Amino acid sequence: MISRAVVSVSMKRSRITADIFIPLGFIILLLVGWEYIVKLRSIPDWILPGPVQVVRTFVDNAPLIAKHAQSTMIECLAGFALAILFSFIVVFLMDEISLFRKALYPLIIASQTIPIVSVAPLFIIWFGYGMLPKIIVVVLVCFFPIAISLLSGLAAVDNDYLELFRSMQAGRIKIFRMVKLPLAMPAFFSGLRISAAYSVMGAVIGEWLGAKQGLGIYMTLSQRSFQVDRVFAAILAVTVLSAALFLLVSLIERVVIPWNRLNEK
Amino acid sequence: MPEIVVEGVSKTLGGMLTLGGVNLKAGDRDFAGILGPSGCGKSTLFNIISGLMRPDQGRVYIDGLDVTGRTGRVSYMRQKDLLLPSLNIVENVSIPLALKGMPKKRACAQAAAHFKQFGLDGFEKYYPSQLSGGMRQRAAMLRTYLFSSDILLLDEPFASLDAITKRKMQAWLIEVFNAISPTVMYITHDVDEALYLCDRIYVLSACPTVVKLEITVPFCRPPHGRTIVDREYGVIRDKVMEALEI
Ligand SMILES: Nc1ncnc2c1ncn2[C@@H]1O[C@H](COP(=O)(O)OP(=O)(O)O)[C@@H](O)[C@H]1O
Ligand SMILES: [Mg+2]
Chain A
1 MISRAVVSVS
11 MKRSRITADI
21 FIPLGFIILL
31 LVGWEYIVKL
41 RSIPDWILPG
51 PVQVVRTFVD
61 NAPLIAKHAQ
71 STMIECLAGF
81 ALAILFSFIV
91 VFLMDEISLF
101 RKALYPLIIA
111 SQTIPIVSVA
121 PLFIIWFGYG
131 MLPKIIVVVL
141 VCFFPIAISL
151 LSGLAAVDND
161 YLELFRSMQA
171 GRIKIFRMVK
181 LPLAMPAFFS
191 GLRISAAYSV
201 MGAVIGEWLG
211 AKQGLGIYMT
221 LSQRSFQVDR
231 VFAAILAVTV
241 LSAALFLLVS
251 LIERVVIPWN
261 RLNEK
Chain B
1 MPEIVVEGVS
11 KTLGGMLTLG
21 GVNLKAGDRD
31 FAGILGPSGC
41 GKSTLFNIIS
51 GLMRPDQGRV
61 YIDGLDVTGR
71 TGRVSYMRQK
81 DLLLPSLNIV
91 ENVSIPLALK
101 GMPKKRACAQ
111 AAAHFKQFGL
121 DGFEKYYPSQ
131 LSGGMRQRAA
141 MLRTYLFSSD
151 ILLLDEPFAS
161 LDAITKRKMQ
171 AWLIEVFNAI
181 SPTVMYITHD
191 VDEALYLCDR
201 IYVLSACPTV
211 VKLEITVPFC
221 RPPHGRTIVD
231 REYGVIRDKV
241 MEALEI
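Line by line, the protein sequences are chains A and B. Numbered according to this note's numbering, the first sequence terminates at residue 265, and the numbering increases by one at each position without gaps. Numbered according to this note's numbering, the second sequence terminates at residue 246, and the numbering increases by one at each position without gaps.
Bound conformation, chain B alone (with noise of 0.2 Å):
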């Protein structure tokens, strides 16, 4: 049952108090979203969520157990696809199975085995500098998946993609999450991709940062990119547009 649970998380970060007790919630299998103004420690909350920063106040629970300045439990994505230049595709996915202990040979193996699901099939061998953006960004996807299958931390994943090669990165992002359905926190800075992907979402304040408006996205996710036209949508949109002062 993987479920994470902040609470009260402050930190000050170069003398300024950057969240100022944020609490927030994704239960098993929920896609919650964070949505903030730039600069408002998004990232940073990430960075305490994943153990690689400790919190000044406040404690991380997952699975209900006290992670609180942990790392290893979850995997964590960022906007940077951070592939190794100097390895190819398939090594560089199978980095956390070989970072486990696991043999490379048998780790590219395992690796490979899910190229396909994730749109890289018959590109094992090339170089990052060789694919394009979005599959860079699924390549990063993978090697998150690959280090801990049930939670991910996805910090503005396809920020730096064009608009229409974002769009069907979302609608590949809902077909592998409905194959796999894991526990995902997803930070973003665009609100319709929040509406779209997230059955819950988190609105940020700026700093110091609390979350200012918490909503659930009643309507399902549409098939295939496909325009939402429930009623709602409009109504749920202003309202974060609202909390956002947008």
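For reference, chain A alone in the conformation it holds in the complex (with noise of 0.2 Å):
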């Protein structure tokens, strides 16, 4: 038993090793090389920052950022709520009837042709400036991904779940809510994560075009006085927004469907 629990301690320590030493030491390695071009070089800051430059322009804009940052987050977080109701509604009446999954499936389907930057104007033409437009680019980024990993997700229950629930006499709204939403889980919060890291894309996108705050506006206004650093800043401050909301949904997911994690061992 000891040598055993050592061998899986140890194989433990060297998978966290490979999981989170490897790529940190990649990213680094990047970096380095990144800083080293820039600086032998000399390219001007306007073309392009090395890194150090980047982190100390975020240092220096930190309350600014904070600011552009959560007007960003509250459209993401409101949007991606209002996709994951919307798509849990659409997804139920498709699933449970069949004219609505024939008739909504293609739709759904097609709507992901349409380029979201193409239409993102127009909401801002309808709504002006404010959130409104910004939250609509969210949900439509969100709800995709969200759909149709879940449709897929209830589609995949095995059938003799359902044969024998329904030989123990479940109605249907039973059959949905003790079994097939419980075994779509998994596959719900796969699509879930996805679309929590597009969702900041999508509330920066809409801010692009124009806002009263946000991190896109402020990446535009940066970008027009070439001022490149701040943009490179305004990335790095998605890029933490969307690693944060990716990694409260992977905590959400472990508060939710605990037992999942159990299948996967």
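Do not take every clue at face value.
Pairwise CB distance ranges (calculated) [stated by the list, open to error]:
| hint | chain 1 | residue 1 | chain 2 | residue 2 | range |
| --- | --- | --- | --- | --- | --- |
| 1 | A | Ala110 | B | Gly64 | 52 to 60 Å |
| 2 | A | Ser250 | B | Glu245 | 51 to 59 Å |
| 3 | B | Ala112 | A | Ser152 | 34 to 42 Å |
| 4 | A | Thr113 | B | Lys105 | 50 to 58 Å |
| 5 | A | Leu85 | B | Arg167 | 49 to 57 Å |
| 6 | A | Val119 | B | His189 | 55 to 63 Å |
| 7 | B | Glu245 | A | Phe100 | 44 to 52 Å |
If you want the ones that stay clear, here's a sample from chain A, every Cβ over 10 Å from chain B, calculated [claimed, not checked]:
| hint | residue |
| --- | --- |
| 8 | Ile27 |
| 9 | Leu48 |
| 10 | Gly50 |
| 11 | Ser98 |
| 12 | Ile125 |
| 13 | Trp126 |
| 14 | Leu209 |
| 15 | Lys212 |
| 16 | Thr220 |
These are computed hints drawn from the structure, not numbers from a lab. Just so we're clear, the structure is a prediction, and the values are computed from it rather than from any experiment. Don't be surprised by glycine CBs; every beta carbon is placed ideally from N, CA and C.
The two chains are supplied separately, each in an independent frame; assemble them into the complex guided by the hints.
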């Protein structure tokens, strides 16, 4: 037993090494290379600042960036929550009523071919420069991965489960709630993680075209005045926000479906 | 007096006549085995008896009542345990009680009262993935029993287990069933398992499926998984094998 425990601990350690230190080392290597090239070629800051300069700008402008990031975050969370709500409603209807499924499925797939940047300006025309048009963009960006993963999770539920519960005289709603929904949860959360990362991008695209506040407009203004280091600092902020949201979703996943981690072993 | 009568049941599936007029019967407290080649429609037959599927022709009677196409009277267990990964064992097992409208707490308590008999003592709070295959099947069996305790349809319940676990489960099953004496229909691929467990065996033909051989097993079940030494054993076994064209 002892030797087995030791083996598993050392295996765990080597896995952590592989999962964390290898990508981390690679990123550091890239950053060092970037800094080196910028310094060696003495590239001016307004064309390409080095990572050291980016971090310095980020720290110097932290209060301002935080203020912009706050708006972006609010738009993200609101859009994300609405996207979850909508996808649950739509997917429930599609799963239970085949007419809905037939009518909506092609539409949902086709909607993905519309470039979001081309419709975002319309939202500004219709809804102004406030948060609403950005939230709509986030909803549109997030809805698809969530809805599709939920749909495929529901479709993947073993028919034998459904027959078993039908033989026990469970009604449709009960079967959906007790069987289909829990079994589809792991797939749903993998879609959720993807759209968590997308949602920040959606908000930034929305802000790009015009906003009172937000990382997107901060980026646009910085870029227009050739403050490329600020653009990079904003990109850094977007990355941090996306990662934070991704982690938040992973955390929620652990709370909502703790049993899923048992299955993965 | 739980008694299952299947009368002239036929069913066409995917354009092929699968069941071609099957007649069989399991009397009160009978343990009836159903043997037949793969794909001959044994599971389809259970789907019909349980009311999940309507036969094209024929009727199903339970206790003399016509229950064709109606679910809810019999409980039905399959080869897969079909436990929900999202619930622990006691919650899983108490599902049929909860579905009948019992409050969750009482359902769990009532289910837990059977855990010792079903060899699940102490595993109430475990999740299905933490249990061995044999234990999961026992949990599925308990869930089946809690839905309807007097008529059980078992569709190859031990087919996915290894030989040793399977043998243990058979001995255990005999013990439990001696205690609760339900009426059972039991699908299996395993001739020896059928001879070991069943009072009566139906051998089905290939499609279109009819009952090819009905045989009563005269010897008693041996205690604790001992070998059956009755002289009739070989004779009956050969008859069944012949009917199966093995
Ligand atoms: N829903 C269905 N639609 C069409 N064909 C089916 C369906 N269910 C089963 N079948 C076919 O009917 C035959 C009998 O299936 P089944 O009852 O599962 O056989 P068994 O349990 O005896 O192995 C098989 O050939 C199977 O492919
Ligand atoms: Mg089968």
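Going down the list of hints, with the structure as the test:
1. A/Ala110 <-> B/Gly64: 52 to 60 Å: Holds, at about 57 Å.
2. A/Ser250 <-> B/Glu245: 51 to 59 Å: holds, 56 Å
3. B/Ala112 <-> A/Ser152: 34 to 42 Å: Holds, at about 36 Å.
4. A/Thr113 <-> B/Lys105: 50 to 58 Å: holds, 52 Å
5. A/Leu85 <-> B/Arg167: 49 to 57 Å: holds, 53 Å
6. A/Val119 <-> B/His189: 55 to 63 Å: holds, 59 Å
7. B/Glu245 <-> A/Phe100: 44 to 52 Å: Between B/Glu245 and A/Phe100, where Cβ atoms are some 50 Å apart, the hint holds.
8. Ile27: Label holds. Min Cβ-Cβ 35 Å, cutoff 10 Å.
9. Leu48: holds, 51 Å
10. Gly50: holds, 50 Å
11. Ser98: At roughly 19 Å from the nearest Cβ of chain B, A/Ser98 sits farther out than 10 Å, so the non-interface label holds.
12. Ile125: Non-interface label stands for A/Ile125: nearest chain B Cβ at 46 Å, farther than 10 Å.
13. Trp126: Check passes; 42 Å lies beyond 10 Å.
14. Leu209: Holds, because the least Cβ-Cβ distance between A/Leu209 and chain B comes to about 43 Å, which exceeds 10 Å.
15. Lys212: holds, 44 Å
16. Thr220: holds, 46 Å
In summary, this structure violates none of the numbered hints.
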